[in-house]
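Student: Residues per chain, in single letters:
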Amino acid sequence: AQSVTQPDIHITVSEGASLELRCNYSYGATPYLFWYVQSPGQGLQLLLKYFSGDTLVQGIKGFEAEFKRSQSSFNLRKPSVHWSDAAEYFCAVGGGFQKLVFGTGTRLLVSP
Amino acid sequence: GAVVSQHPSRVICKSGTSVKIECRSLDFQATTMFWYRQFPKQSLMLMATSNEGSKATYEQGVEKDKFLINHASLTLSTLTVTSAHPEDSSFYICSVPQGQSSYEQYFGPGTRLTVT
Numbered sequence: 054a055q056s057v058t059q060p061d062i063h064i065t066v067s068e069g070a071s072l073e074l075r076c077n078y079s080y081g082a083t084p085y086l087f088w089y090v091q092s093p094g095q096g097l098q099l100l101l102k103y104f105s106g107d108t109l110v111q112g113i114k115g116f117e118a119e120f121k122r123s124q125s126s127f128n129l130r131k132p133s134v135h136w137s138d139a140a141e142y143f144c145a146v147g148g149g150f151q152k153l154v155f156g157t158g159t160r161l162l163v164s165p
Numbered sequence: 109g110a111v112v113s114q115h116p117s118r119v120i121c122k123s124g125t126s127v128k129i130e131c132r133s134l135d136f137q138a139t140t141m142f143w144y145r146q147f148p149k150q151s152l153m154l155m156a157t158s159n160e161g162s163k164a165t166y167e168q169g170v171e172k173d174k175f176l177i178n179h180a181s182l183t184l185s186t187l188t189v190t191s192a193h194p195e196d197s198s199f200y201i202c203s204v205p206q207g208q209s210s211y212e213q214y215f216g217p218g219t220r221l222t223v224t
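Just so you know, the sequences run in chain order A and B.
Here this note's numbering is used: the first sequence runs in plain steps of one and ends on residue 165.
Here this note's numbering is used: the second sequence runs in plain steps of one and ends on residue 224.
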């Protein structure tokens with residue numbers, strides 16, 4: 054069965070510092086991978102996605118992620134974090150029949 | 109602008125009552141919609157797949173008689189929580205796939221249900 058692991062429950066980063074959020078997946082075939090962001094009490098906004106092709110994908114708000122098949126990873130990165138990036142981040146994998154399987158999320162805190 | 113809307117955004121109901129949550133696809137027709145449940149500080153768990161014109165498909169462990177799903181039109185799916193209990197208090201989110209076979213989904217803003 055498909056699964057997604059986000060090993061970091063929460064991460065604190067100083068404003069202006071770089072960020073990397075980890076995501077590992079388990080899936081038998083070539084995965085469809087996503088990163089979503091959720092602000093408190095809000096729905097989810099798609100940051101970026103990987104379906105095929107270039108393994109480094111660019112997303113909105115300056116985020117990027119790299120698909121590494123050998124490591125079953127799809128880590129999210131941003132070179133310089135802004136205070137407005139504080140939110141919950143979810144990695145997800147397409148699980149068949151258009152379903153998405155989500156990781157448990159990583160809460161990003163941004164310190165001044 | 110928003111592609112998917114939900115109504116209400118938050119609702120408080122008493123134990124034993126039923127509450128209906130609407131999910132509307134604003135920009136396009138959707139034969140499939142998904143309903144998720146999110147407990148505080150936890151991930152989204154898929155509850156069911158709503159299918160226009162046919163029965164919903166429920167995930168394992170989700171009581172179909174408690175969470176009634178109706179997908180009566182190509183732009184509207186409803187989730188009714190029947191005989192609500194405090195443990196049903198949660199954040200309910202719907203989503204609409206971008207296309208017929210697309211994994212990319214548009215998410216609604218969510219509905220916060222509190223059962224007292």
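Calculated from the structure, these hints are not laboratory results.
Possibly wrong hints are sitting among the right ones.
Incomplete in silico selection of chain B near chain A, CB under 8 Å [to be verified]:
(1) V127
(2) Y166
(3) I201
(4) P205
(5) Y211
(6) P217
For glycine and all other residues, C-beta sits at the position ideal for the given N, C-alpha and C.
Student: Now tell me, hint by hint, if it's right for this structure.
Tutor: Structure-based check of each hint:
1. The restraint placing V127 of chain B at the interface with chain A is violated, with a minimum CB-CB distance near 18 Å, outside the 8 Å limit.
2. Here the hint on Y166 of chain B is broken, as its CB sits about 12 Å from the closest CB of chain A, past 8 Å.
3. The restraint placing I201 of chain B at the interface with chain A holds, with a minimum CB-CB distance near 6 Å, inside the 8 Å limit.
4. A cut of 8 Å between beta carbons decides the hint on P205 of chain B: the least distance to chain A is about 5 Å, and the hint holds.
5. A hinted interface residue such as Y211 of chain B counts as satisfied when its beta carbon comes closer than 8 Å to some beta carbon of chain A; here the least separation is about 4 Å, so the hint holds.
6. Of the supplied interface hints, the one on P217 of chain B holds, with its beta-carbon coming within about 4 Å of a beta-carbon of chain A, less than 8 Å.
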